[in-house]
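If you want the building blocks of each chain, they are given just below.
2 protein chains.
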Amino acid sequence: MAPPPSTAVPPLAALVVRILTFICLIISVIILATNTIKASDGVNEAKLKFNHFYAYRYMLSTAVLGIAYTLIQSAFAIFHVSMGNRIGGDGLVQIEFYGDKIVSYILATGAAAGFGLSVDLNSLPVNGSDIEDFLNKANAAASLLFIGFLFSATSSVFSSLSLPKRS
Amino acid sequence: MAPPPSTAVPPLAALVVRILTFICLIISVIILATNTIKASDGVNEAKLKFNHFYAYRYMLSTAVLGIAYTLIQSAFAIFHVSMGNRIGGDGLVQIEFYGDKIVSYILATGAAAGFGLSVDLNSLPVNGSDIEDFLNKANAAASLLFIGFLFSATSSVFSSLSLPKRS
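First to last, the protein sequences are chains A and C.
Take the first sequence: its letter number 139 is residue 139 in my numbering, and every next letter is one higher.
Take the second sequence: its letter number 151 is residue 151 in my numbering, and every next letter is one higher.
Simulated from the structure, these hints should not be mistaken for laboratory data.
It is possible that some hints are incorrect.
As the list claims (entries may be wrong) - Some chain A residues near chain C, calculated using beta-carbon distances under 7 Å:
hint : residue
1    : F79
2    : G99
3    : A113
4    : V119
5    : E132
Idealized CB from N, CA, C, for every residue including glycine.
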């Protein structure tokens, strides 16, 4: 399928990248949101959930925002692939350009905040094997969010390349 | 000063944003690198430095990388402002586009990793006023790195808008 002359990037490629972003983000949210353990140090017992940590809460927020944005853009991309032209023309290309940039930055910060906390929590001496499990799952969620960010950064490169000709 | 026809963004504006990025990053590095306290809980005494935490070490690395990249790009921007044309033509515009994107993402993750750790360290019950000082300085460094990232993201928008016409 040859790309139509109105874009620099084949619309099917743009759609595939959006779908990959969506899949990574949704799995990341599921892993993070279901990450609950009962931690015990022999004396005290406590339930540990992701929302006890600000960094993981922020991570979840960024992933949910990313999912919402990616869904909307996927809808436009599906229209573009099936109809062969864009909704909204060059105005929407501008919105997509800034939207992709902002959302990909937000996803990058979400993954980094999660890693930033996990890595140093991991090096604390208080860890039990339950807590290690918890941190490993949090790291898995952050990794998937990071992969989602990479796809979203790819979308951002695509939408930059699709910008209308400068005057 | 009217912009030459070969760019969408006035070169002086691009240079000013580079310089602002540089200033923010250099202050962030100074604050972070000089952030040392002697923490004491009454029994044990220990010297606390930024490099005891992986997240802060990563933060410093990203800021240093950002400074190096911004210096190089500032040199090109100064040439552009003073001579009125670019070194390297459209090839360099491409490199600038991808370079700006990658470096601004790296700076975003650096700031977020720092915040991700500080915010949750702050909520731990073990804090003394010395440790609060330490975390406040780390937060100040992360904030400046974040502002530096915002300028660097602006550079990235500029370099996207300056991309050569698509064929």
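So, against the hints stated earlier in the document, which numbers end up violated here? Checked against the structure, the hints that fail are numbers 1, 2, 5, while the rest are satisfied.
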